[in-house]
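Working from the sequences, and respecting the hints, build out all of it.
Note that the protein sequences, when read in sequence, are chains A and B.
According to our numbering, the stretch in the first sequence is residues 1 to 201, in order.
According to our numbering, the stretch in the second sequence is residues 1 to 201, in order.
No lab work stands behind these hints: they were computed from the structure.
Remember, it's a predicted structure, so these values are computed and weren't measured experimentally.
Treat the hints loosely; a few may be bogus.
Some, not all, of what chain B presents toward chain A, calculated at C-beta under 8 Å [stated by the list, open to error]:
| # | residue |
| --- | --- |
| 1 | ARG36 |
| 2 | TYR37 |
| 3 | ALA41 |
| 4 | ARG103 |
| 5 | PRO136 |
| 6 | GLU137 |
| 7 | VAL199 |
Stretches of chain A that chain B covers, calculated by requiring three or more beta carbons in the stretch to come under 8 Å of a beta carbon on chain B [as the list claims (entries may be wrong)]:
| # | segment |
| --- | --- |
| 8 | 47-61 |
| 9 | 162-169 |
| 10 | 187-199 |
For glycine and all other residues, C-beta sits at the position ideal for the given N, C-alpha and C.
If you want the building blocks of each chain, they are given just below.
Number of protein chains: 2
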Amino acid sequence: VDFSEPSSTPDKAALAPWRSPLAHALHRNRSLPNSRYAQLATVRPDGFPANRTLVVRGFLPGGNQLRFVTDGRSEKVGQGDRAELCWYFPKTREQFRIRGRLRLVDAQCADEGLLKARRVMWHELSDGARLSFLWPEPGRERAGAEAFVIDPPDNRVPARDFCLLLMEPIYVDHLELRGEPQNRCIYRLENGEWEMSSVNP
Amino acid sequence: VDFSEPSSTPDKAALAPWRSPLAHALHRNRSLPNSRYAQLATVRPDGFPANRTLVVRGFLPGGNQLRFVTDGRSEKVGQGDRAELCWYFPKTREQFRIRGRLRLVDAQCADEGLLKARRVMWHELSDGARLSFLWPEPGRERAGAEAFVIDPPDNRVPARDFCLLLMEPIYVDHLELRGEPQNRCIYRLENGEWEMSSVNP
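As structure tokens, this is what we get:
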């Protein structure tokens, strides 16, 4: 994994073999407003899984790490680094299950390249998305309406609780429900190399 | 929990308070073919979460247990009983996160009422869904096309590997993205009673 400064031109040679079918699915489902919504599962300290919808915000340039954003005050921070993303594409009826490890990039991150990636991500957000990081603490007793009336924050200076959340995939299960009968392909990272196999659906 | 013979007329008094907003969401999203698809997270023996799309097949009559079907040969059998379902409704932009415990009802189940519920579920499936339980073992090396050419099974006699999967909710987090700014309501089962609270999104 290259944690150096993100480059704006991804190294095509570094792309995992599942990136091509995923890009294809994204393209073919681009007319659906929610094609970038997926469900991220983590494990709670009490042993129960947690599962929520997140926006997949593309990849960190130069590698295969998926980008998300999260609030440093949210519950998922503190649920460990083991995760599985379930990404279903309704139009083409296919599913990618992407298992991997999470890395949280907050304001205290010691890596200059990742801090820059955090600033880039903040800048790319919509005004509404940026504003939500200034709302009262998530999950606490509902605050009054006035607590949600806030001036839009500077788009160059990330809010204190804004975090870039990265996921480094180690296993991908691609299922196509439209196959005959169905197609299912497993991609597994072994000793730094992606191995691919076709399995029963 | 009433594991007696399922009745065809649900006891309205037994319905949890989150059933009403969920029924409303289902109704308002009924034009979407995938409104009954949701993502079920469990925990793998290696500590990673697992997450996959399932069809939510309504409720077991007389209570709040969600119904799913699964193949007894699939990986989720053996991932414990702790689960969280993430159910996102695109049209109304709302999400239900439903945490609870799973119960697998297979052919060896000792409860006559649940065995009947398993037969009822089998009968309600489409021919295509029933057929998939006779396919070669899921996740194994891809079998030849001829292994998937099978006569439709009897709709009154469940296939050996067919399982009814039930989920008994203990916690529900309902988020409405369209609120001003957003509405989020938590339902928690405490000593057999559902407690409800409004929290920050």
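Checked hints:
1. ARG36: Hint violated; ARG36 (chain B) Cβ to chain A Cβ min 12 Å, cut 8 Å.
2. TYR37: 7 Å, holds
3. ALA41: Where the cut-off is 8 Å and the nearest Cβ of chain A is about 4 Å from ALA41 (chain B), the hint holds.
4. ARG103: 15 Å, violated
5. PRO136: 5 Å, holds
6. GLU137: Since chain A brings a Cβ to about 6 Å from GLU137 (chain B), closer than 8 Å, the hint holds.
7. VAL199: OK, holds: VAL199 (chain B) within 8 Å of chain A, min 5 Å.
8. 47-61: With 7 residues closer than 8 Å to chain B, the segment 47-61 of chain A meets the three-residue bar; holds.
9. 162-169: violated (count 0)
10. 187-199: Satisfied; 3 residues make the cut.
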